[in-house]
Amino acid sequence: MILLQKHENVASPLTSNLNADYRKRDIQYNCFKAAAEFIQHLRVKDYFGQHRLVHGNLASLNQDKPVNHAWLEELDFVYDISNGHKRLLLKEDYYLNDTITGVKKYTIHQALKLIKSHGNWGPWE
Numbered sequence: 001m002i003l004l005q006k007h008e009n010v011a012s013p014l015t016s017n018l019n020a021d022y023r024k025r026d027i028q029y030n031c032f033k034a035a036a037e038f039i040q041h042l043r044v045k046d047y048f049g050q051h052r053l054v055h056g057n058l059a060s061l062n063q064d065k066p067v068n069h070a071w072l073e074e075l076d077f078v079y080d081i082s083n084g085h086k087r088l089l090l091k092e093d094y095y096l097n098d099t100i101t102g103v104k105k106y107t108i109h110q111a112l113k114l115i116k117s118h119g120n121w122g123p124w125e
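Counting in this note's numbering, the sequence shown runs from 1 upward without gaps.
There's no promise every hint is true.
[Said to hold, decoys possible] SDA-like mimics (lysine to any residue), calculated; alpha carbons at most 20 Å apart, straight line:
| hint | residue 1 | residue 2 |
| --- | --- | --- |
| 1 | K86 | E125 |
| 2 | K105 | E73 |
| 3 | K91 | I108 |
| 4 | K33 | K105 |
| 5 | K104 | G56 |
| 6 | K113 | N97 |
| 7 | K91 | D64 |
| 8 | K33 | G119 |
| 9 | K86 | L114 |
| 10 | K105 | V67 |
| 11 | K104 | E92 |
| 12 | K116 | I100 |
| 13 | K86 | E74 |
| 14 | K116 | D64 |
| 15 | K116 | T101 |
| 16 | K113 | T101 |
| 17 | K104 | L75 |
| 18 | K113 | D64 |
| 19 | K33 | N97 |
| 20 | K116 | S60 |
The set of hints was computed from the structure by calculation and includes no laboratory data.
Turn these sequences into a full structure, and let the hints steer you where they fit.
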């Protein structure tokens, strides 16, 4: 399992062309950027098969959007690294306590392709 460490804000071909409108979006959605940057970290890339970038709806957040949060999963654990937080939680507890719906899971490879093709951090669907 990867331990949470501060990820670097390093420009990459995937992130350098993000459209300006997207970058100006509400601070609430920084979870999409944080999760997407984390999967680009070299140590995470070494474990492609075990990690999933996940988008979903948490009942405790703004319900104006059908997808309002992003996090990472590895086996039975959730990494929630949004808004400067670094939380490691059991997946079962996270889903139960935060009343999560509308979940979309992406392999690291799928997520990297979607970041590049859409020109943003997500959500994509």
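Going down the list of hints, with the structure as the test:
Our distance criterion of 20 Å between C-alpha atoms is broken by K86 and E125, whose separation comes to about 26 Å. The hinted pair formed by K105 and E73 meets the criterion: a straight-line CA distance of about 9 Å does not exceed 20 Å. Taken as a hint, the K91 and I108 pair is honoured in the structure, with Cα atoms around 18 Å apart against an allowance of 20 Å. Under the criterion of a C-alpha separation no larger than 20 Å, the hint pairing K33 with K105 is consistent with the structure, at around 16 Å.
Of the supplied pair hints, the one linking K104 and G56 holds, its CA atoms being roughly 6 Å apart against a limit of 20 Å. The suggested pairing of K113 with N97 is violated, with an alpha-carbon distance near 31 Å, which exceeds 20 Å. At most 20 Å may separate the alpha-carbon atoms for a hinted pair to count; K91 and D64 exceed this at roughly 25 Å. As the CA atoms of K33 and G119 are separated by approximately 12 Å, the hinted pair is consistent with the 20 Å bound.
The hinted pair formed by K86 and L114 fails the criterion: a straight-line CA distance of about 24 Å is larger than 20 Å. Using a Cα cut-off of 20 Å, the hinted pair K105 and V67 holds, with the two alpha carbons roughly 12 Å apart. Pair hint K104 plus E92 holds up; C-alpha atoms about 16 Å apart against a cutoff of 20 Å. Distance check on the hinted pair: K116 and I100 sit about 27 Å apart at the alpha-carbon level, beyond 20 Å; violated.
Simply put, K86 and E74 have alpha-carbon atoms about 15 Å apart, close enough for the 20 Å limit, and the pair holds. For the proposed pair K116 and D64, the alpha carbon gap of about 26 Å is over 20 Å, so the pair is violated. Proximity of K116 to T101 is assessed by CA-CA distance (about 26 Å); at most 20 Å being required, the pair is judged violated. For a cut-off of 20 Å, the pair hint linking K113 to T101 is broken: about 24 Å separates their Cα positions.
Note on K104 and L75: the hinted pairing holds, with a Cα-Cα distance of about 16 Å set against a maximum of 20 Å. The straight-line distance between the Cα atoms of K113 and D64 is roughly 27 Å, outside the 20 Å bound, and the hint therefore fails. Between K33 and N97 the alpha-carbon distance is near 23 Å, which puts this suggested pair outside the 20 Å criterion. Restraint check for K116 and S60: the C-alpha separation of about 30 Å exceeds 20 Å, so the hint is violated.
Of the numbered hints stated above, those contradicted by the structure are hints 1, 6, 7, 9, 12, 14, 15, 16, 18, 19 and 20, listed in ascending order.
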